[in-house]
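*Asks:* Sequences listed follow chains V and D, in order.
For the first sequence, the positions run 1 to 262 when the working numbering is used.
For the second sequence, the positions run 263 to 536 when the working numbering is used.
FYI, nobody ran anything at the bench for these hints, they're computed from the structure.
From a predicted model like this one, the values you see are computed outputs, not experimental measurements.
Check before you lean on any hint, since a few could be wrong.
[Stated by the list, open to error] Facing chain D, according to a computed beta carbon distance under 10 Å, are these residues of chain V, among others:
| id | residue |
| --- | --- |
| 1 | E156 |
| 2 | K165 |
| 3 | L169 |
| 4 | R173 |
| 5 | N175 |
| 6 | K178 |
| 7 | R181 |
| 8 | I184 |
| 9 | I186 |
| 10 | L190 |
| 11 | I192 |
| 12 | S193 |
| 13 | S198 |
Just so you know, even glycine gets a beta-carbon here, dropped at the ideal spot from N, CA and C.
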Amino acid sequence: MSVFDGLKFRKVYSPIHNLDPRIKFIYVCAIFAVAIIFGELLPLITLFLMQIPFVLLAGVKRQWLRSMRGAVFLATIIFLTNFIVAFMGGREIAQSLENAAAMTMRFIVLVESFSVFFLTTSPDHLGLALEQTHIPYEFCFAFTTAVRFVPVLAEEAQTIMDAQKARGLELERGNFLKRIRNYIPILIPLIISAIRRSLELAEAMESRAWGATKNRTNLYVLKIHRSDFVLVAITAGILATAIYVRLFFGIPSLNQLLGGLL
Amino acid sequence: MIEVEDIYFIYPSGVEALKGISLTIQNGEFIAIMGQNGAGKTTLVKHFNGLLKPAKGKVLIDRVETTKVSVATLARNVGFVFQNPDHQLFSETVEDEITFALRNFGFKENIIKKRVTWALNLLGLTQYRKTSPFMLSGGERKRVALASVLAWNPKILILDEPTIGQDYQQKEKLRQFILQMKTQRKTTIIVTHDVEFVAECNPRVLLMQDGKIVADGEARKVLTSPGVLTQASIVPPQVAQIFLQLPDLELPKNVIDIYEAQKILLNSLEKKAK
Numbered sequence: 001m002s003v004f005d006g007l008k009f010r011k012v013y014s015p016i017h018n019l020d021p022r023i024k025f026i027y028v029c030a031i032f033a034v035a036i037i038f039g040e041l042l043p044l045i046t047l048f049l050m051q052i053p054f055v056l057l058a059g060v061k062r063q064w065l066r067s068m069r070g071a072v073f074l075a076t077i078i079f080l081t082n083f084i085v086a087f088m089g090g091r092e093i094a095q096s097l098e099n100a101a102a103m104t105m106r107f108i109v110l111v112e113s114f115s116v117f118f119l120t121t122s123p124d125h126l127g128l129a130l131e132q133t134h135i136p137y138e139f140c141f142a143f144t145t146a147v148r149f150v151p152v153l154a155e156e157a158q159t160i161m162d163a164q165k166a167r168g169l170e171l172e173r174g175n176f177l178k179r180i181r182n183y184i185p186i187l188i189p190l191i192i193s194a195i196r197r198s199l200e201l202a203e204a205m206e207s208r209a210w211g212a213t214k215n216r217t218n219l220y221v222l223k224i225h226r227s228d229f230v231l232v233a234i235t236a237g238i239l240a241t242a243i244y245v246r247l248f249f250g251i252p253s254l255n256q257l258l259g260g261l262l
Numbered sequence: 263m264i265e266v267e268d269i270y271f272i273y274p275s276g277v278e279a280l281k282g283i284s285l286t287i288q289n290g291e292f293i294a295i296m297g298q299n300g301a302g303k304t305t306l307v308k309h310f311n312g313l314l315k316p317a318k319g320k321v322l323i324d325r326v327e328t329t330k331v332s333v334a335t336l337a338r339n340v341g342f343v344f345q346n347p348d349h350q351l352f353s354e355t356v357e358d359e360i361t362f363a364l365r366n367f368g369f370k371e372n373i374i375k376k377r378v379t380w381a382l383n384l385l386g387l388t389q390y391r392k393t394s395p396f397m398l399s400g401g402e403r404k405r406v407a408l409a410s411v412l413a414w415n416p417k418i419l420i421l422d423e424p425t426i427g428q429d430y431q432q433k434e435k436l437r438q439f440i441l442q443m444k445t446q447r448k449t450t451i452i453v454t455h456d457v458e459f460v461a462e463c464n465p466r467v468l469l470m471q472d473g474k475i476v477a478d479g480e481a482r483k484v485l486t487s488p489g490v491l492t493q494a495s496i497v498p499p500q501v502a503q504i505f506l507q508l509p510d511l512e513l514p515k516n517v518i519d520i521y522e523a524q525k526i527l528l529n530s531l532e533k534k535a536k
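If we strip away everything but chain D, and leave its shape as in the complex, we get (with noise of 0.2 Å):
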């Protein structure tokens, strides 16, 4: 569980990055953090490993304060998959790359690799296993990176903007599997601009402004709010959108799912056939 009390940040150029934010995860829940840029998205999730430490306030993992325990500590639980995966890269194979932190963390050889088949096989990197991680494509670069961290199956998982530079297939294969999360009681937590991935999704919403956080609840709910979405330069799903432009047809205005949009307008229209 994690529970953050208040927190201000400051970073050292003066920037005042967070406000008083206060909010609660409890295990297996999924949460889509949303905002403009330099709205404090990153920021806030960075205390969730440590990285950061909160100039006011206090962040709870599990009930541990995370000014009492290191990142690498925290790191155990709280796995991190930054935007970048350029920033993490730098071993010789893929395997290598995805056994790094399990060394760091003290696993066992023969786990290692059990552990190392299993992510590769999970994101599809199997026939990449002794390829540089260098020689592979931006996407593919960002699952090495994935797959890196989910391979010490964190019980919480922060992902910074997964969606960038990946396909169709490769997003719903991460929907999938974010849900696998869930009905494992593990918490995710993603750092996203992906209107319509959340939309699919339909996590709990974070909707972060100028350091606070201005919206909190419900994907459909959230994202079918026009007045704190333009307040957080945010555009609702393509699909709520269509609803909220039907005023005359006294459709319900929170929809943000492709199937349950299709079924009420069928209905709709099977109405005005009779």
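So that you can see chain V by itself, here it is in the shape it has in the complex (with noise of 0.2 Å):
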């Protein structure tokens, strides 16, 4: 579960919490573009070292290793099949091999951006940054309370494991088809108490009046700071830069440095 928990915000104060969420999400935008327009390992590893200061910035370096270790299955699995599909289709195994690292490299980036945007803006600053897009409310709501109902679906799971395992189920046990059929118990009190949760949510909603008036009105209302503008001019630096390193220049691979060197 420690995916979930490298998505799971926490309540302190930092410049880059502070940070207006909707510049926040433009930046994640742009580096998850420059992390698509760039096929090659150098440039995606510098994009991977790029938001590490923002991490330290904003002390949660703890949460962020955590979410990072969470994406190492993916991961593994993405560097396996880029390289066995590359190194059956005839490329070089040197070739195959930095060509699996950069497809990881770039999912790592963008869990890597995703894990601090989330880790740094409350649900209710998302929600009032999308409201102040001017998405309709019932959106913006059924939004944040996907996001916000995350960290407790995988507490309920942990807990849904705990109470299967009284009852004797090994989730290690068997072969493959059996571990994925150990599952289903599991699953399924997940999937029914999550629709539970939400049909009372919906009463609870409504005994409270919610959608009563047309136009609702926020007690916290988002503003632009200086600090706002200087992440627009650091987001406009990082894309300019990128596209023009991706027209003007070629990029070489670590291949052909190192070959260089060698």
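Using the supplied hints, reconstruct the complex from the two chains, each of which is provided in its own coordinate frame.
*Replies:* Take a look at the structure:
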């Protein structure tokens, strides 16, 4: 469940936490776009390293590391599939390795930036940001509720696992298919309790006059500060540099660089 | 027998839930663990079937250390019924739900059939045999969860909040059943906030507060000690409250049973009449 831990917001204050969520989201999208623009290992590693100051500044190193650890499993699958497909396709080993590493790095950069975003943005701020971009309140509410319930469901999954283990269920027992089947007693209660929870939430909301007025007002209103403009500048800089490099420079592969050295 | 030797437990979030707990529970004992929310009651009992392992100290079940065996192995002897039945029900019918654990433990088909019938009968669920557990009411689902654990006849039974959502009749049945467990030298441990239920059963009471045991003794003694009870945010049972609030009548202070109280009050009235 460590992947979910990496997405769980904790109330702390840091320069990154105080940034406007809309600007932060634009920044994450820019990083996302740059990670897609480049398929080579070197720029992707640079992109990865560039986020680390943000993590340190936000003071969420521990949770961030946990989410990175949670991504290891998927990252390994991505690496292996890419490597095998490239190698079978007739490429050299070194080239296939680098290509697979680049694709894995791209995934890691995506997880990394989203993790930083969710770790430093409270669901309330996220909802406000969506509302202030004139997205209908119903959608904003559905979205923030979904985000808010991810850690709750993760916790519930743990309790369900405990309850079934207490009835003699061994998740790690049997062959591959049996192991997948072992998860049925965990998934069904989880889905049912999520549905039940959502129905209860709907009733609770209705009884608290949800949707009674058309024009909702907010106690807090998001404002753009000076530090937000700095992030806008950084984002624009990263995007511009990335596009410039992509268009006018050939990016050497790690193999070529090392080969040149040798 | 359960032996707990000076255990400590810290959750990954950093909360220290148990702070040096030691206790011994003999076979056939009936124990109620009480205390306010977050006192560490559920954390403690989760150590008895190995779901949680102590950070420091030891838990031994029949002289076997819980860190040395799997939860499934321990679960064969230690049945644990969770507070919320919705955390375990998943089968299409009540019958399948009860069969689940029996299959996990490798019982033979003919024995499984007998055990299922026995458990359904015991908890008054026979008419729901082929019903989906999700169609049942909250209290009934709770009984299905209980039946699914009782079916394999564990030596130690742990019930987390068993009386929530149960009417008086079901509570009485539960009490009778626990007494029956006692006569079979089986251990029952309940985690509960239901003071009246505990008063009716008169078990050994463990009072917990802030990860420590603050009182351990007979229910009639612990539940009539206002000092420790206030500390653990528990109100004495109603009968005890009456006796504690009538100091002028010179009544005994350690009464929690209604019938005993009735007898004492009648005697006292008779004496006054003379």
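*Asks:* Each hint should be assessed against the structure and marked as holding or not.
*Replies:* Do the hints match the structure? See the list:
Below 10 Å, beta-carbon pairs count as interface contacts, and E156(V) has one with chain D at about 7 Å; its hint therefore holds. Hint status for K165(V) relative to chain D: holds, with the closest Cβ pair at about 5 Å, below 10 Å. The interface hint given for L169(V) holds, since its Cβ lies 6 Å from the closest Cβ of chain D, which is under the 10 Å cut-off. A hinted interface residue such as R173(V) counts as satisfied when its beta carbon comes closer than 10 Å to some beta carbon of chain D; here the least separation is about 8 Å, so the hint holds.
A hinted interface residue such as N175(V) counts as satisfied when its beta carbon comes closer than 10 Å to some beta carbon of chain D; here the least separation is about 17 Å, so the hint is violated. Hint status for K178(V) relative to chain D: violated, with the closest Cβ pair at about 12 Å, above 10 Å. The interface hint given for R181(V) is violated, since its Cβ lies 12 Å from the closest Cβ of chain D, which is over the 10 Å cut-off. The beta carbon of I184(V) is positioned within 10 Å of a beta carbon in chain D (closest approach about 7 Å), and the interface hint is therefore held.
A cut of 10 Å between beta carbons decides the hint on I186(V): the least distance to chain D is about 8 Å, and the hint holds. The beta carbon of L190(V) comes within 9 Å of a beta carbon in chain D, closer than 10 Å, and the hint placing it at the interface holds. Taken as an interface hint, I192(V) checks out: its beta carbon lies about 7 Å from the nearest beta carbon of chain D, inside 10 Å. A hinted interface residue such as S193(V) counts as satisfied when its beta carbon comes closer than 10 Å to some beta carbon of chain D; here the least separation is about 5 Å, so the hint holds.
Annotation: S198(V) was flagged as interfacial toward chain D, and the flag is violated, the nearest CB pair being 14 Å apart, outside 10 Å.
When held up to the earlier numbered hints, the structure conflicts with 5, 6, 7, 13 and fits the remainder.
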